[in-house]
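Chains as they are written, first to last, in this note's numbering: chain Y, -11 to 352; chain P, -11 to 352; chain B, 1483 to 1754; chain D, 1483 to 1754.
Don't read these hints as lab results, they were simulated from the structure. Hints may contain errors.
As the list claims (entries may be wrong) - Label-pair ranges, simulated between beta-carbon atoms:
id, chain 1, residue 1, chain 2, residue 2, range
1, B, K1646, D, A1715, 42 to 48 Å
2, B, Y1508, P, K120, 41 to 47 Å
3, B, F1506, Y, G6, 31 to 37 Å
Ideal placement from N, C-alpha and C gives every residue a C-beta, glycine not left out.
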Amino acid sequence: MSGNDAYIQISDISKHFGAVKAVDSVNFSIASGEFFSLLGSSGCGKTTLLRLLAGFEAPTKGEVYIDGAPMSQVAPHKRPTNMVFQNYAIFPHLNVEANLAYGLRYDKIEKSEMNKRVEEALEMVQLAGYGKRRSNELSGGQRQRVALARALIKRPKVLLLDEPLGALDKKLREEMQLELRALQEAVGITFIFVTHDQEEALTLSDRIAVMARGQTLQIASPKELYNNPVSVEVAEFIGQMNFVNASVVDVKSGKAVLETAGLGKITASTSKSFVQKGNDIVVAIRPEQLSLRDKPARGQHGVKGTMKTSAYLGDRSHVYVSVEGREQALAVSAQEGTGSVGGLDRGSDVYVTWSDEALILLPH
Amino acid sequence: MSGNDAYIQISDISKHFGAVKAVDSVNFSIASGEFFSLLGSSGCGKTTLLRLLAGFEAPTKGEVYIDGAPMSQVAPHKRPTNMVFQNYAIFPHLNVEANLAYGLRYDKIEKSEMNKRVEEALEMVQLAGYGKRRSNELSGGQRQRVALARALIKRPKVLLLDEPLGALDKKLREEMQLELRALQEAVGITFIFVTHDQEEALTLSDRIAVMARGQTLQIASPKELYNNPVSVEVAEFIGQMNFVNASVVDVKSGKAVLETAGLGKITASTSKSFVQKGNDIVVAIRPEQLSLRDKPARGQHGVKGTMKTSAYLGDRSHVYVSVEGREQALAVSAQEGTGSVGGLDRGSDVYVTWSDEALILLPH
Amino acid sequence: MSEPSYIDRPNRPLYAYAMFYLAFLYIPILFLPLFSFNDSTYIAFPLKGFTFEWYEQMFSDAPMGAALVNSLKVGAVASVFATLLGVFAAKAVTRYHIPGKRPIVFVIMLPLVVPGILLGVALLILMKQIGVQLSLITVTIGHILICVPFAMATLIPRFEGFDKSMEEASADLGANAISTFWRVTLPMVLPGIIASMLLCFTISFDEFIIAFMLNGSEKTLPIHIFSQLRFPARLPPVLALGSAIIAISFVVVFFSQWLRRYGVDDKPSLGI
Amino acid sequence: MSEPSYIDRPNRPLYAYAMFYLAFLYIPILFLPLFSFNDSTYIAFPLKGFTFEWYEQMFSDAPMGAALVNSLKVGAVASVFATLLGVFAAKAVTRYHIPGKRPIVFVIMLPLVVPGILLGVALLILMKQIGVQLSLITVTIGHILICVPFAMATLIPRFEGFDKSMEEASADLGANAISTFWRVTLPMVLPGIIASMLLCFTISFDEFIIAFMLNGSEKTLPIHIFSQLRFPARLPPVLALGSAIIAISFVVVFFSQWLRRYGVDDKPSLGI
């Protein structure tokens, strides 16, 4: 992550389609060399934002700066960006080589240099020898690689990726994630990556912008997003989470006393401004921060419940525990082999415990 | 899991399409009330097998028995099975109620009874009040529920499900998995579930048949499949796995000495017949069975490596460690918060350790 | 999400082109209503005045009325039979696994490219050989022959867009093959069937040369119009009739477009 | 995976139906080649013997040759212009965001339902009014008019099947709008363009009534054939010509079907 911290500047940009605000006053910067993800469910505006960067859409308001230069009057074919399309958009009437060379003509490069660069690009994406094939003779993963090579061969300052792994199956997607990250580190340019898959965003990104309704909800590193989401909406989107409604009974010297629905009266340390006496708040706890015991643990917060069901996931299980005062069961992630749930059957009584630091306080 | 252990008997069944053996001499039984999954990648024959059970395909060879009765001469509309289709196949020209009532006409049920059952079914899938809607006015999850209700309202002995959750997004899919499992427990009939998603199969099933090339590779409970796969192919398909080529140097009283590519000379306890002196075998280790340390651990097997990259997943990270003698990096699953990888940077030396019981020996 | 994008910006040349295109298509057609209200037996500018006379003449013209009724009869019968033949053929081509689907489509398409006059000659020879008297029936047979490929062309995309699992779901729920056809297949392809009937009716109603060669004593409307063209004085009522036909066609096309909204495919596509 | 399924089992009634269908479509057409080789000026059973005489007569028939050349000329020009008009219109309808796409398709479809004889009358009036002499040019204009909707119908699915992101990818890689059109859009819709030209050519080549009304001294082939029908002795060479046309059509249709294999959509569909 070298270089300019505001290499790309998105300045108060909006894009309206009729009455629909696809992108709504978005402001942020991306550093050069960063792997930046736009994360959100479909319709959140992430793709529109990417298309604004590529120049396929003109902003209704605001400006995009790349390396200091305003972009709104620059046509897509003149921008220092290249894009990997969701469906790859590989020209079906051209073979792989011709697809890769397609854009080089406009860079006024000699024929021999062009061939050399095509060869290099094919090698980079591990497709040497596939140059004469057509799109319909390639597998999904190979197409994805061709699209990547075709964009990177132009040596863009910024690579835009529109859910490039969405069409691949799970095993291949995980493989390609590793490759993509390695590639980004090798070429060193800025990647802007659109995805709806939070796990993919966590795995790949230096920073993530979580989007909804055309706006950014939180822009932070994966760890920060996972451990300190700013709202229930973000917390819901990233990983699994238990939410507990609570009201603040008292706040004293950084310690809050909370009356919760289902977990009883608990205390949590906090410095957040919305945690004030009388306010309703939400307490969030990750399933892996909860433990199951067959009897109450001393010195730890805990609640008694009934084991409802469990989902086996191989390396761990998710156990669902019904607790009085709550409609939704608490999800508890249990490591396999640790024995903590070994002896427990459905319907049996269990104690769910947690430590104070595991509690995340969020505004209602 | 009450009742008959061989409620459904699949007896040496084959289905050929021209030269393609879609299903190739498959034999197994399903108990009544079981949640049984057919798991495999596309083209493995799982859907064809399901369609043989439904009667949409006639077997080339073999017979299916349901509750003792041979099925090959029974037309689909007379079988005690109902199916939830992959695309749901909800009749677009009928509303939800009419879709649900569609099949009841053939059961010679009175109009008032019919209405009662439609109401009940709608409630069962939490769609009360949606009866007048059409397919295109429903969300993906609602369609899935309608398809489920339309099949269950017929009170089949066996419900066949063809990747019913494949079209849903991840969060919804996880929710529907829990609902589906709860529903199966409530109605108590046999579910046969086709999926290519191994995590889904692990979560839902009592037993799983892993399929490839029209054959069953292994039929076992989720835990058995995860902990004791019978072959590299099965182990590759279920969860993440590190594979290490090895040759057997010596076998003595249940202990095998193995010379491995990358992990050095190791010992493993085994009673498997293919582990014989001189044989080439494969050692498999789950990423969560490997640990990272900054110095060699006493009394434990371990190997020195270089940390290559890591993928953050929120509740855990996958760390990839290059080891001399191996091309592929070892994947190590590290719990977040345990601190074991906290101080490690890319490129730094680490020790990967494991316990003897973690090793799974597989035929080459 | 991505409505008007960079590449899709509308531009001025396009609008100019659209205007030219519409003018080219419609100016000739608009001559018919224009002169049908002109108070002169001479079809020439300048226009003289407004009149309903030609429409009145049209309504009191008994041979013209008879010809219209003939055309409606032939069109109705031909469209029903051609569509019926087309439904089964389209079902067969798209649903059953006949070896070599492509040659079959080929074989069905071929009659489309045989010039109407040659088909007329061929049918004339056939009718003479088997001793059938020329009449509206022979005209109808000729029209069924030329309509079937169009019916197929309309119906095949319907049957292709039709999801096979719908029929399987019906069987799975207890319906036999006949019940499935009536309760699922037919309702789902109905818009296509109606579109096919409308198209076939239009083709039959408009067709001239085959009707000309195969008709007996009863004329269809285009043949009647043709026979009137020799007498300039009879032209204005023909224009009135033509205008009425265009107006009715307008309604029919509108209705068939509206029908296409409903059902399997929602893309705007031509009725052919 | 799921090739022949329960519901799709081929059955005997289907084959019987297919036979009937083919007989219905082809028996009339097959009369032409049959009698074209029959050694008798009378078109009647029983057949007399095998002869090439009618084919020889056909080749030495100068007016027929002239008519054929006229038809080829008119067909070639009409198909090129109609397709050109159609390409831009189809591109506009499918790619640009014109408000109300459906009414536009409607407007384009409408001329299809106007009976040819009325279009002929309308064009005749127009030509007379603007003082244009009737000739092959007026015939060609009439044919362009009737071909454009068919060209659109052929091209619109091509442009719809065309993935917009291909053009965006081209722009993204540095190509301007013109370069994108030549290097991406055109190659990808080329099969559709050729199919449209073949279809328009066929329509023009087969068309009778408009050509009949708008032609001057030079006749197109259907009109020439029509004029020969009055003389029974001239019928056998017409049959020979008809057989030759059918044979050539066969090749053209085969070629156009083969073309459809290449390119965007691989589904078997009719050329219309």
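Cross-check of the supplied hints:
Taking 42 to 48 Å as the suggested C-beta distance range, the pair K1646 of chain B and A1715 of chain D does not conform, at roughly 57 Å. In this structure the supplied range 41 to 47 Å holds for Y1508 of chain B paired with K120 of chain P, their Cβ-Cβ distance being about 44 Å. For the hinted restraint 31 to 37 Å between F1506 of chain B and G6 of chain Y, the CB-CB distance of approximately 33 Å keeps it satisfied.
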